[in-house]
Amino acid sequence: MGFSLKFHCCLMSVMVFLPTLCCAQDYVKSRATYYGSPDCLGTPRGACGYGEFGRTVNDANVAGVSYRLYKNGTGCGTCYQVRCTNPQLCTDNGVNIVVTDYGEGDNTDFILSPRA
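Numbering follows the UniProt record's numbering, in which position 115 of the sequence shown is assigned residue number 115; successive positions increment by one, without gaps.
Simulated from the structure, these hints should not be mistaken for laboratory data. None of the values given here were measured: they were computed from a predicted structure. Do not rely on the hints blindly, as some may be mistaken.
[As the list claims (entries may be wrong)] Have a look at the derived ranges for each label pair, beta carbon to beta carbon:
| # | residue 1 | residue 2 | range |
| --- | --- | --- | --- |
| 1 | P114 | N86 | 17 to 25 Å |
| 2 | C79 | T33 | 16 to 24 Å |
| 3 | C90 | T56 | 35 to 43 Å |
| 4 | G49 | G105 | 16 to 24 Å |
| 5 | G36 | D59 | 30 to 38 Å |
| 6 | P38 | N96 | 21 to 29 Å |
| 7 | P87 | G49 | 30 to 38 Å |
| 8 | G49 | Q88 | 19 to 27 Å |
| 9 | C40 | N86 | 15 to 23 Å |
| 10 | G51 | T74 | 27 to 35 Å |
| 11 | N72 | D92 | 29 to 37 Å |
| 12 | C84 | G49 | 24 to 32 Å |
| 13 | C79 | C40 | 32 to 40 Å |
Where is the CB? At the ideal position from N, CA and C, for every residue including glycine.
Model the full structure from these sequences, guided by the hints.
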């Protein structure tokens with residue numbers, strides 16, 4: 001029992017269309033801060049429960065996020081690209097971070113590790 005030509009066309013359309021959705025998303029403005037750490041790594045006591053792995057995952061480019069992004073823990077492990085808009089503070093190249101903790105700052109969504 002073979003698949004119909006219609007099925008194959010639909011499947012191909014989905015395979016071509018889905019990657020464009022991932023690349024077409026706009027950036028959302030937010031605020032970020034960072035926490036101090038003598039070794040510039042993440043914290044092993046993050047709310048996501050990663051332990052020591054949470055310190056070094058993603059080359060220690062990790063962050064705690066606001067409740068809005070933490071989502072009761074379902075936001076753990078989510079990747080974000082954080083880009084800077086103020087060239088006096090940082091470059092606009094950005095950094096890809098992994099959520100390993102929950103934290104609230106002064107109207108911030110991201111509390112970055114020193115390495116990030």
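**Study point:** Unmet hints by their number, sorted upward, for this structure
**Key:** Per hint list: 3, 5, 8, 10 and 13 violated.
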